[in-house]
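S.K.: Make a model of the complete structure from these sequences and hints.
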Amino acid sequence: MALVHMGDLLRHAYDNGYAVGAFDVVGLEFVTGIIAAAEDKQAPVIINVAEPGVARFDFELLMAAVERAAERTPVPVAIALSPCASLASAIRGINLGCTGVMVDPSRRPLTEVIAHTREIADTAHACGLPVEGRLGDTPGAQRGDAAQHPARPPLDTTAAEARSFVDATGVDFLSISVATLRDRTSGGTALGFDRLAELNRALGIPLAVHDATGLSDAEVRHLIGNGVARIDDHGALGEAAGRHIRANAVAAANDGYMDLVSGTAEAVRTAAIRRINLWGGAGRAEAVRAQCRPSRTVEHVIFYNMDGLDAPGVADLMRDGRRILSAIPGVRRVFTGHAVHDDVNYRHCWLVRFAGTDVIDNYRDHPAHRRFADERYRPFAGRRISVDFEDSEPST
9 MALVHMGDLL RHAYDNGYAV GAFDVVGLEF VTGIIAAAED KQAPVIINVA EPGVARFDFE
69 LLMAAVERAA ERTPVPVAIA LSPCASLASA IRGINLGCTG VMVDPSRRPL TEVIAHTREI
129 ADTAHACGLP VEGRLGDTPG AQRGDAAQHP ARPPLDTTAA EARSFVDATG VDFLSISVAT
189 LRDRTSGGTA LGFDRLAELN RALGIPLAVH DATGLSDAEV RHLIGNGVAR IDDHGALGEA
249 AGRHIRANAV AAANDGYMDL VSGTAEAVRT AAIRRINLWG GAGRAEAVRA QCRPSRTVEH
309 VIFYNMDGLD APGVADLMRD GRRILSAIPG VRRVFTGHAV HDDVNYRHCW LVRFAGTDVI
369 DNYRDHPAHR RFADERYRPF AGRRISVDFE DSEPST
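Residue numbers (the numbering used here): 9 to 404.
These are calculated hints, taken from the structure and not from any lab test.
Just to be clear, a hint being listed does not mean it is correct.
Claimed, not checked - The calculated label-pair distances, taken between Cβ atoms and stated as ranges, are:
| # | residue 1 | residue 2 | range |
| --- | --- | --- | --- |
| 1 | ASP263 | ALA226 | 15 to 25 Å |
| 2 | ALA260 | ALA168 | 17 to 27 Å |
| 3 | VAL322 | ASP263 | 49 to 59 Å |
| 4 | VAL258 | ASP175 | 47 to 57 Å |
| 5 | ALA259 | ASP23 | 44 to 54 Å |
| 6 | LEU36 | ARG282 | 16 to 26 Å |
| 7 | ALA167 | GLU227 | 17 to 27 Å |
| 8 | ILE393 | GLU227 | 40 to 50 Å |
Cβ coordinates follow ideal geometry from the N, Cα and C atoms, glycine included.
M.R.: Here's what the structure looks like:
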């Protein structure tokens, strides 16, 4: 597979003066078109999947398609849960295959944003995954409760405050709102690149922009020159797909679904290629593969025998184990099995797939695992062996 560590990917972009395109997907045509664009331009990409709670599609099925597409392509790919508004959503996204998380502050007061972001960052870091924070929202003003949460315009965020936020939350990247950079002295029409340069010098980490729509090509290049290593496209690909479908509706001989959506993936590909070219990602794939850690899953394998439990008791234990252990952050899958033949030394097994090697210690020490193992499993599993196996073929 060509899944790579998103922290390494964005650090490579930051150090080499380009930005990785992060593209939203809402269906298979988008997955196909984005990967095709990345392959055509030999560029790394980030595929954004929406938070499960607000998605208008089956998140689990879409994640399976995105991960499979990343496994099949030779270009470097990272999968980002973007945005994420809760710890539960972060855990679900990580366990389904996301390789990075962007935290949504949801217009909370700053103290709550810091605590919320830190909680998600600690969880993701325990799984070996990076986190993007966001600073610059204005809680209160848009909700009608400004008296309780006095808001200061995003433009007034200082480099010192941004440094304090990064230190307090432990985030690996920081999203900067373009509104933060608007120059009020010029009527809000120019970007304050001096302010961005100051933030970049103070932080020294990859910066991200999620609202680049409407910026000129020159402005985007200035953003990249001042530390922006990730640019999210939240609408352009969707608009390109929508225009293509409307054109099909006018030209199609009938209203069949395939006639309406025919060529949508190609429209997405064309729109993505333009952004990859503009943001400087073209031709970077080989260097990224050489310098970035691949994303490797780990299989935690246990062979064991049970003493003192009948068959229904073993079945209950396995069912509870699947439910409890699969909720631990970084656990991708829990398989329980029985030997097909009788003439074997061990009758039962657990196969627990981890998102990476960092999960090994996190899983071992997690309270849910310790409680289940100590109270339910080990009292009956006297004979057992346990081995962790790392994926031996992590990249194409």
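S.K.: Hint by hint, say whether it matches the structure.
M.R.: To see whether the hints hold, each was checked on the structure:
{"no.": "1", "hint": "ASP263 <-> ALA226: 15 to 25 Å", "result": "violated (43 Å)"}
{"no.": "2", "hint": "ALA260 <-> ALA168: 17 to 27 Å", "result": "violated (58 Å)"}
{"no.": "3", "hint": "VAL322 <-> ASP263: 49 to 59 Å", "result": "holds (55 Å)"}
{"no.": "4", "hint": "VAL258 <-> ASP175: 47 to 57 Å", "result": "holds (55 Å)"}
{"no.": "5", "hint": "ALA259 <-> ASP23: 44 to 54 Å", "result": "holds (47 Å)"}
{"no.": "6", "hint": "LEU36 <-> ARG282: 16 to 26 Å", "result": "holds (21 Å)"}
{"no.": "7", "hint": "ALA167 <-> GLU227: 17 to 27 Å", "result": "holds (20 Å)"}
{"no.": "8", "hint": "ILE393 <-> GLU227: 40 to 50 Å", "result": "violated (59 Å)"}
Hints 1, 2 and 8, counting from the list given before, are not met by this structure.
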